[in-house]
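Chemist: Listed below are the residues making up each chain.
Number of protein chains: 2
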Amino acid sequence: MSGPEDRSLELSGPALRDLIEAASKRILAHIESLPRQPAADTAGGTELARSLETPLPEAGRPAEELLELLFARVIPKSFNTAGPGYLAYIPGGGLPQSAVADLVSGATNRYVGVFAAAPGLAAIEANVVRWFCGMVGLPPDAGGILTSGGSLSNFSALLAARREKLPEDFLSGTLYASDQAHHSIAKAAMLAGFPERQVRSVESDERFRIRPEALERAIARDRADGLRPFFLVGNAGTTNTGAVDDLTVLAGIARRERLWFHVDAAYGGFFVLTERGRRSLAGIELADSIALDPHKGLFLPYGTGSLLVRDVEALKRAHALSGEYMPAMQEDPDFPDFNLLSPELSRGWRGLRVWLPVAMHGIAPFRANLEEKLDLASWAAEELSKIPGVEILAEPQLSIVAFRAVRPNLSEEGLSAWNRRLLARVNARARVHLTGTMLRDRFAIRICVLSFRTHRDRMELALEDIREAIAESELYQR
Amino acid sequence: MSGPEDRSLELSGPALRDLIEAASKRILAHIESLPRQPAADTAGGTELARSLETPLPEAGRPAEELLELLFARVIPKSFNTAGPGYLAYIPGGGLPQSAVADLVSGATNRYVGVFAAAPGLAAIEANVVRWFCGMVGLPPDAGGILTSGGSLSNFSALLAARREKLPEDFLSGTLYASDQAHHSIAKAAMLAGFPERQVRSVESDERFRIRPEALERAIARDRADGLRPFFLVGNAGTTNTGAVDDLTVLAGIARRERLWFHVDAAYGGFFVLTERGRRSLAGIELADSIALDPHKGLFLPYGTGSLLVRDVEALKRAHALSGEYMPAMQEDPDFPDFNLLSPELSRGWRGLRVWLPVAMHGIAPFRANLEEKLDLASWAAEELSKIPGVEILAEPQLSIVAFRAVRPNLSEEGLSAWNRRLLARVNARARVHLTGTMLRDRFAIRICVLSFRTHRDRMELALEDIREAIAESELYQR
Chain A
1270 MSGPEDRSLE LSGPALRDLI EAASKRILAH IESLPRQPAA DTAGGTELAR SLETPLPEAG
1330 RPAEELLELL FARVIPKSFN TAGPGYLAYI PGGGLPQSAV ADLVSGATNR YVGVFAAAPG
1390 LAAIEANVVR WFCGMVGLPP DAGGILTSGG SLSNFSALLA ARREKLPEDF LSGTLYASDQ
1450 AHHSIAKAAM LAGFPERQVR SVESDERFRI RPEALERAIA RDRADGLRPF FLVGNAGTTN
1510 TGAVDDLTVL AGIARRERLW FHVDAAYGGF FVLTERGRRS LAGIELADSI ALDPHKGLFL
1570 PYGTGSLLVR DVEALKRAHA LSGEYMPAMQ EDPDFPDFNL LSPELSRGWR GLRVWLPVAM
1630 HGIAPFRANL EEKLDLASWA AEELSKIPGV EILAEPQLSI VAFRAVRPNL SEEGLSAWNR
1690 RLLARVNARA RVHLTGTMLR DRFAIRICVL SFRTHRDRME LALEDIREAI AESELYQR
Chain B
1270 MSGPEDRSLE LSGPALRDLI EAASKRILAH IESLPRQPAA DTAGGTELAR SLETPLPEAG
1330 RPAEELLELL FARVIPKSFN TAGPGYLAYI PGGGLPQSAV ADLVSGATNR YVGVFAAAPG
1390 LAAIEANVVR WFCGMVGLPP DAGGILTSGG SLSNFSALLA ARREKLPEDF LSGTLYASDQ
1450 AHHSIAKAAM LAGFPERQVR SVESDERFRI RPEALERAIA RDRADGLRPF FLVGNAGTTN
1510 TGAVDDLTVL AGIARRERLW FHVDAAYGGF FVLTERGRRS LAGIELADSI ALDPHKGLFL
1570 PYGTGSLLVR DVEALKRAHA LSGEYMPAMQ EDPDFPDFNL LSPELSRGWR GLRVWLPVAM
1630 HGIAPFRANL EEKLDLASWA AEELSKIPGV EILAEPQLSI VAFRAVRPNL SEEGLSAWNR
1690 RLLARVNARA RVHLTGTMLR DRFAIRICVL SFRTHRDRME LALEDIREAI AESELYQR
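Residue numbers (our numbering), protein chains in the order written: chain A, 1270 to 1747; chain B, 1270 to 1747.
No wet-lab data here; the hints were simulated from the structure.
Check the hints yourself; a few may be wrong.
[Stated by the list, open to error] Listed next, the stretches of chain B that the computed footprint assigns to chain A, with coverage defined by at least 3 CB atoms under 8 Å from CB atoms of chain A: (1) 1339 to 1353; (2) 1409 to 1415; (3) 1438 to 1446; (4) 1558 to 1570.
[What the hints assert, rightly or not] Take a look, some chain A residues computed to stay more than 10 Å from chain B by CB distance: (5) Arg1476; (6) Arg1486; (7) Ala1489; (8) Arg1527; (9) Leu1679.
Positions of the beta carbon are idealized from the N, C-alpha and C atoms, including for glycine.
Isolated chain A (complex conformation) (with noise of 0.2 Å):
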């Protein structure tokens, strides 16, 4: 696009109107073609990885030849998380309205961080937060930051409350979480500076809660032993099976025992947009801070978290410092200065890639893709209780379900590689895409439906795949 002569990064009118259309003609190709790609395929890897390898190139590549390399070998080679099959971890599905936020915000440049540098774009920012406070019901002085996903969101609460309830030296303090926490959990901890022995992981129930008594004797042990308790954490939908601990119960003992209550609702927390979410999460409108995922339960890219919190004031305490530099800084907590409230000082404008969907689209058709994903997931059950020889290991109490093959005669452990196998074989037909997990030491498969791309269809291949996976091990069984 350049010649070795032009100096200039800056694309004239007409060659920057080509690069877009150049990378929209691939994208929509590419998306058209998703029910049609494997659900992964990351064979030969390695091998593509070190072919991309370069030195830093003095001299420019036509974009054309990037962008093919990009989305003809590159792209492909990978889970195919934004696909209809793509049933692993914690799906999303990307939707690609937000990409065009983020071509809008990237190409305007503007910086949210202080509210006086760009008050519209700070402004929908902070709409986009008070929506989600609205959603989980909590106060409507309550605030927030996006953050670029679950992770930062659980730390930036953890350290709000290390300074609302600990002194100085803050060391003796003591984190409670059930055993199916997620570690991002622990690895806030960790980089908030607690020793890893001072996270507990709480006992859980059959289904996979925490269990109350469990927890408050964890507390009466650590205080006893001259500990200070001081952050309690309830899942809202764990990785592992998508349960919800009881976000009331938790609520009436962080307030007797004066912790700060955290609710990690990063996967399960928009469900609370549907009737029946609405009842699996209650109690979560007692939370002192919320992480939630609009890449996940909102079906945005990858890097769309968002952290709320009941007392903005807490938040602030925790993260506020400023320079001589540093534009004035807001009065007013209906316009906050992001960079007050989070790590972040630059970033970029995460609000319109939220506010973009949900503008166009209203939260109709959310709602509607989440009563679908809890249909989903209620129907692969039911479907997978009626295969002989099939323990459902988790009901699903959101979107997602696990379960194992059984089989006589083998041992947990040869139950546990029996099953490690069926998985591969359903992932070898790259319908649909599945990954496993260890619940107190069985083996199990887990099905997540949470894409918007994922429908009827789709789940019916998932199923017909297990099926004969199932059918196929038992014809070559040992």
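Please arrange chain B on chain A, whose structure you already have, making use of the hints.
Modeler: Okay, now just chain B, sitting in the frame of chain A:
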């Protein structure tokens, strides 16, 4: 775009193409008009912000209407951080090529936090990190991560240092940086749990570079007091004046004192691409870790930082934690799992927004732009020094010059107030936007040249406006 009965969030091919084109059309017009746009316009920003507040919408609105609102009302009401006249804070510009990269990465929505999930994408991002390591002269086995910006880079560097240099009870650790360091260093310490009083603000010299003798005295004093010095920050381009500490001397002190040596090169780092910059930044290659921000010196949109570390394993020890439900991680250090090196798990594919513009243009025009910015800052300093009554407070070490107007018979306080009014007068013309800072109790006006869109013509307007603002203020002098 969707009727009330349509529950699908998937736009049809034509509808998505229309959406991209509608955004594209406005982006092209916006960029074309940048030279004529005001350098900043936030009058009525609070009213605009209030007017944008809406409840969560149940139904959608046409995308055309939303884009029109954004481009006609929201985006213009801001600091024009993308325009040629933006000489405030630390500019960058925001190459739209990166915005196109974001369109691609958002619309294809791959997950790069784990190598196995998208080997080619992760490899491209790792390659970008290696380019950066090569630029600053780190050894071939160095590595790092892309972050959302300098604040998180500084934070992760500090975590690595805390883990490597301090015991589990780290609260007696002390950190050292000059009194010119960016506040994100003190903020990183706060987030990492250190008491604020343990961040030493070491005196700087007449050129705003740390005084090594003062540093050594502070370290000795802290050791004598039973504290544990562990982290030394060298500035490679301060935000106030672009001052570059003597990095070679600092590296020597860090080695003798067994401190982690971190260089905050968020603003200045990419000047190593130029001959003059390489001389100024000599010693940067001795660092244990380096923060540098592609959204500054590579002109990319906000949200693109990086952290480079000599010993990748140290970064990993400070950040690695995983769960049963996660995919297999890599053994091969050539192909890192970014989630193990960073606080983030899910996040967007940042690598592409660096890789695409560099691969399209080669590094040559980036270098040429940086050379030009160095020239422009020198030129501005020379022109300023010709204005009677202007005092240069900081000659450019990179691309920042700081100055003030002086006048006899005014107290220091009076001078600061007068210079604030001068700055307001320059900015009111809105052909350029400058900012001020405090340099040792003196209010200074800064010019920071860093956008790929700022050239000699705009700098001449800056000088013209400064000259006229001074002349006018002489007329109306008290």
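Chemist: Does each hint hold? Answer for all of them.
Modeler: Hints, verified against the model:
no.	hint	verdict
1	1339 to 1353	holds (count 9)
2	1409 to 1415	violated (count 0)
3	1438 to 1446	holds (count 3)
4	1558 to 1570	holds (count 4)
5	Arg1476	17 Å, holds
6	Arg1486	25 Å, holds
7	Ala1489	25 Å, holds
8	Arg1527	21 Å, holds
9	Leu1679	21 Å, holds
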